[in-house]
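Student: As they're listed, the protein sequences go chains A and B. The letter at position 387 of the first sequence is residue 387 when you use the working numbering, and the numbering goes up by one with no holes. The letter at position 163 of the second sequence is residue 163 when you use the working numbering, and the numbering goes up by one with no holes.
Quick caveat, the hints were computed from the structure, so don't treat them as lab data. For each residue, glycine too, the CB sits at the ideal point set by N, CA and C. There could be a bad hint or two in this list.
List time: in silico DSS-like cross-link candidates among lysine-lysine, alpha-carbon distance up to 30 Å [claimed, not checked]: (1) A:Lys-60 with B:Lys-111; (2) A:Lys-58 with A:Lys-179; (3) A:Lys-374 with B:Lys-348.
From the structure, some residues in chain A lie toward chain B, with a derived Cβ separation under 10 Å [what the hints assert, rightly or not]: (4) Ile-56; (5) Ser-222; (6) Val-224; (7) Lys-226; (8) Ile-278; (9) Ile-368; (10) Pro-375; (11) Ile-379; (12) Leu-394; (13) Phe-434; (14) Ser-460; (15) Ala-478.
Chain by chain, the residues run as shown.
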Amino acid sequence: MKRVEEETPRIGVFICHCGINIGGIVNVPEVVEYAKTLPGVVYAEDNLYTCSSVGISKIKEGIAKHNLNRVIVASCTPRTHEPLFRGACEEAGVNKYLFEMANIRDQCSWAHMHEPEKATEKAKDLVRMAVAKSRLLKSLEEPEIDVTPSALVIGGGISGMTTALCLAGQGFKVYIVEKEPELGGMLRHLYKLYPTMQDASERLNHIVNSVKSDKGIEVLTSTVVKQVKGFIGNFEVTVQKANGGTANFGVGTIIVATGAPIFEPVGMYGYGEYDNVITQLQLEQLLKDGQLKKPKSVIMIQCVGAREKEGRTYCSRICCMTAIKNAMLIKDLYPDTDVHILFRQLQTYGEHYEEHYRTAQDKGVKFIKYLQEKPPEVISGKNGKLTVNVHHALLDEELKFGSDLVVLSTPLIQHEDAKKLSQILKVPLGSDGFFFEAHVKLRPIDFATDGIYVCGTAHSPKDTPESVSQALGVASRAAIPMALKRLRTEAITAVVNETYVVAVEPA
Amino acid sequence: MKVKTMEANKSVLVIGGGIAGMQASLDLADRGLKVFLLEKTPSIGGRMAQLDKTFPTMDCSICILAPKMIECLRHPNITLLTYCEVQDVSGSAGNFTVKVLKKPRFIDEEKCTGCGECAQYCPIEVPNEFDMGIGIRKAIYVPLPQAVPLKYTIDEENCIKCRLCQRTCKAEAVDFDQKPETINLNVGAIIVATGFDMFDARKRREYGYGRYRNVLISLEFERLVSASGPTGGHIVRLSDGRVPRRIAFIQCVGSRSLKGGVTFCSSACCVYATKEAILIREHDPECEVYIFYNELKIFGKGFQEFVTRARDEWGVKYIRALPGEVVEDPKTHDLTMWYEDTTENVTKNMKVDLVVLCPALIPTVANKELASILGLDLDEYGFFECKDPLFKPIDTNVPGIFICGYSQGPKDIPESVAQASGAAARAAEVMALAASREAQ
Numbered sequence: 001m002k003r004v005e006e007e008t009p010r011i012g013v014f015i016c017h018c019g020i021n022i023g024g025i026v027n028v029p030e031v032v033e034y035a036k037t038l039p040g041v042v043y044a045e046d047n048l049y050t051c052s053s054v055g056i057s058k059i060k061e062g063i064a065k066h067n068l069n070r071v072i073v074a075s076c077t078p079r080t081h082e083p084l085f086r087g088a089c090e091e092a093g094v095n096k097y098l099f100e101m102a103n104i105r106d107q108c109s110w111a112h113m114h115e116p117e118k119a120t121e122k123a124k125d126l127v128r129m130a131v132a133k134s135r136l137l138k139s140l141e142e143p144e145i146d147v148t149p150s151a152l153v154i155g156g157g158i159s160g161m162t163t164a165l166c167l168a169g170q171g172f173k174v175y176i177v178e179k180e181p182e183l184g185g186m187l188r189h190l191y192k193l194y195p196t197m198q199d200a201s202e203r204l205n206h207i208v209n210s211v212k213s214d215k216g217i218e219v220l221t222s223t224v225v226k227q228v229k230g231f232i233g234n235f236e237v238t239v240q241k242a243n244g245g246t247a248n249f250g251v252g253t254i255i256v257a258t259g260a261p262i263f264e265p266v267g268m269y270g271y272g273e274y275d276n277v278i279t280q281l282q283l284e285q286l287l288k289d290g291q292l293k294k295p296k297s298v299i300m301i302q303c304v305g306a307r308e309k310e311g312r313t314y315c316s317r318i319c320c321m322t323a324i325k326n327a328m329l330i331k332d333l334y335p336d337t338d339v340h341i342l343f344r345q346l347q348t349y350g351e352h353y354e355e356h357y358r359t360a361q362d363k364g365v366k367f368i369k370y371l372q373e374k375p376p377e378v379i380s381g382k383n384g385k386l387t388v389n390v391h392h393a394l395l396d397e398e399l400k401f402g403s404d405l406v407v408l409s410t411p412l413i414q415h416e417d418a419k420k421l422s423q424i425l426k427v428p429l430g431s432d433g434f435f436f437e438a439h440v441k442l443r444p445i446d447f448a449t450d451g452i453y454v455c456g457t458a459h460s461p462k463d464t465p466e467s468v469s470q471a472l473g474v475a476s477r478a479a480i481p482m483a484l485k486r487l488r489t490e491a492i493t494a495v496v497n498e499t500y501v502v503a504v505e506p507a
Numbered sequence: 001m002k003v004k005t006m007e008a009n010k011s012v013l014v015i016g017g018g019i020a021g022m023q024a025s026l027d028l029a030d031r032g033l034k035v036f037l038l039e040k041t042p043s044i045g046g047r048m049a050q051l052d053k054t055f056p057t058m059d060c061s062i063c064i065l066a067p068k069m070i071e072c073l074r075h076p077n078i079t080l081l082t083y084c085e086v087q088d089v090s091g092s093a094g095n096f097t098v099k100v101l102k103k104p105r106f107i108d109e110e111k112c113t114g115c116g117e118c119a120q121y122c123p124i125e126v127p128n129e130f131d132m133g134i135g136i137r138k139a140i141y142v143p144l145p146q147a148v149p150l151k152y153t154i155d156e157e158n159c160i161k162c163r164l165c166q167r168t169c170k171a172e173a174v175d176f177d178q179k180p181e182t183i184n185l186n187v188g189a190i191i192v193a194t195g196f197d198m199f200d201a202r203k204r205r206e207y208g209y210g211r212y213r214n215v216l217i218s219l220e221f222e223r224l225v226s227a228s229g230p231t232g233g234h235i236v237r238l239s240d241g242r243v244p245r246r247i248a249f250i251q252c253v254g255s256r257s258l259k260g261g262v263t264f265c266s267s268a269c270c271v272y273a274t275k276e277a278i279l280i281r282e283h284d285p286e287c288e289v290y291i292f293y294n295e296l297k298i299f300g301k302g303f304q305e306f307v308t309r310a311r312d313e314w315g316v317k318y319i320r321a322l323p324g325e326v327v328e329d330p331k332t333h334d335l336t337m338w339y340e341d342t343t344e345n346v347t348k349n350m351k352v353d354l355v356v357l358c359p360a361l362i363p364t365v366a367n368k369e370l371a372s373i374l375g376l377d378l379d380e381y382g383f384f385e386c387k388d389p390l391f392k393p394i395d396t397n398v399p400g401i402f403i404c405g406y407s408q409g410p411k412d413i414p415e416s417v418a419q420a421s422g423a424a425a426r427a428a429e430v431m432a433l434a435a436s437r438e439a440q
């Protein structure tokens, strides 16, 4: 049989209207006619939706009928659609590396929606470029590799432990690497958890014990990931113990569940200066230890260091509910203590959190809306008494409160050493500092790098149920290659042209 | 009645063919487990297929969804059971027997090529459910051009049996004698992902939905602004086809409400309204857009930044207000919105051309029947209840049956996708346990 590289190129071009997404701007029939004139093109047609099942069978029919040995689809982005079209080519007997795509939606009809003629000309250019590249394409075979049926979970908080237990339950070996001396993460510092108001430590102990007693899970505490080499199915991991000793092991997949600490608001609202200005996490600790002496008036300030104009622009999602929960706990403990929550927008979303907001109001917690432009002021007076001034946004009035405890709600932030980990794993961080997923909508817990996944607050601020849901999700995503045991990997790999190498950094 | 039995060891039943059900199915199928994906309408795709763009990336919704729909169709481990309903379930984790009713399409799925010629000749026009009733379809139809499977369905209720379709169909696929079928399945685990419905905005009479042609609900607006929708993506008033110059969104219609509707927050509306507002400004920079909100919920990843961009870069105006009433001028069909501006504490009014209501997203009514068939607990609103809201959000009171997506509780697309994978993982655990027991 003749190799396809020796055959004369017989290129088929399929141009997508994408409803009116492309067809409403770009003159698709004109592009089809133009494509037919290009060297190597033996067939061209337009489709309403090339990605529909009709479109896919049109590609397959075209390959059979016109004996095509190369296929081009001019449509949208290869990021979402290339696998589908490559699959269609393979099913019709054309090697998937002989498929090429031109993105005439994002780069033509969207980018030049007010200039249809220029958009059409550019679409022709892109198709011509794709055809030129297509003539030079070679068929490639994807190497098959074995997948090590074990996973590395970085982080031993509730997310990491949940993932680990679920993966072990599916029969995979799991290593948990935790930098602290014990498992548990953020939940170790929390008192009661909303929405059920259950004791965090009680439930946590049970989960920690399940992890420790699971034969499929190996827990490495006081340990950090030092180096990761390899790729999906065959990662080689080097970890370092607190005592300096290192260990190596191989895994098939890696899960990032490193959690998130809270922002320390040093210098804000007197934090670090006055003893009775504390964070929610410190309040939580006082409540947990039964050390909260009865205050007369508690003021909680939301969005401290969050939803800023620049810097930490994001909403930390959990702080409103944390404040409401802790306010209710104080009210339960000391019903005649005044508790005010100064908020900007109250994030009581979902099925139950509005309910908690109403319950808090019933318990006598007072809510005051303030504007970002007019933040509250905390002033220290005699005997450690604090005065809080706030502009009530709904009454348009300046209010003044005496307070003996000011509690600052600060956002979850990324760990300082996350950047290092992101470099070790070669996965990105977003502009908010959190780990950045492969696709915000449809691949929320995958990284773009195959075989590495993310869950919990390492991804973005979230509460316990939300972290658990993601952690279980990752236990499915990571299980897929491990359950398959063998994988085909990308055939296109980089090579170094040594002629142009000017310097090599010593390893 | 014809009875078919589909036996497949190591298989899972997924109920609901929206994005959550599809993701759970694909995860399970990709790892080698067999999946039956059951959907009650003629096509999978669910709510996400109806959306125009998705926030905050402004990806075209059907463009990123369609490849997944086709993947479900082509996947060797997935059997699609569209136009089907669950009738009965017995057994327990690792070994459920499920009785499924396959409703007659009056089309031989093996023969139908999806060419659509039949629909061209069909004389009956009815409002298209997929377009939320603002577009039309024929009595023989596919819900959307990208339907999966691309097989036509005759809607028995509206068909007049003129048989023009039958005479037109070259593939001889039309079969008026088709009867309901019963399919018996044997599965190890079940995942429920039945999604959401919209609160009936007619119940908030003061906003005029159902009475005034230019008051829409948000899903209708999604179809209106969608390139594949009934107007080809042109934003026009339904009363007179005029291009609106000023559009107002009203948030929390029937949600977070103690008077009529539900008390919870649907979690997605503030941000999808923001997206729809940006779309309007993108289509027509001259059109003013106001969002009347009560409390902006911007807690998700990238949401705050998205709203900031809408306000600062797209000129979307946010007004914190309690809208009291929408009044129509019967001659012009123009609307006047009366509202209490809660920032300035005064009652104001504004003339607008179009009002878009964002109704509460509520669990589907059909959950009630499904819950009783499956033996699942429902909460007061009709969401499936999870076993332990903190640490087992996906498990139900019945071992081996898992829940995900909006039917578990309010959430957006990425949360549904992640949780659907989670349900797949829990189902896989059950299957692994069943397999190891069998091996012993």
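Student: Could you run down the list of hints and mark each one as holding or not?
Tutor: These are the hints, each one checked on the structure:
1. A:Lys-60 with B:Lys-111: holds (19 Å)
2. A:Lys-58 with A:Lys-179: violated (55 Å)
3. A:Lys-374 with B:Lys-348: holds (25 Å)
4. Ile-56: Status holds, d = 7 Å.
5. Ser-222: This hint is violated: Ser-222 of chain A lies away from chain B, its Cβ roughly 26 Å from the closest one there, beyond 10 Å.
6. Val-224: With a closest approach of 26 Å, the Val-224 of chain A hint is violated.
7. Lys-226: Violated - the Cβ of Lys-226 of chain A stays beyond 10 Å from chain B, reaching only about 29 Å at its closest.
8. Ile-278: This interface hint is violated because 24 Å lies over the 10 Å limit.
9. Ile-368: violated (14 Å)
10. Pro-375: violated (17 Å)
11. Ile-379: violated (27 Å)
12. Leu-394: holds (6 Å)
13. Phe-434: This interface hint holds because 8 Å falls under the 10 Å limit.
14. Ser-460: holds (4 Å)
15. Ala-478: holds (9 Å)
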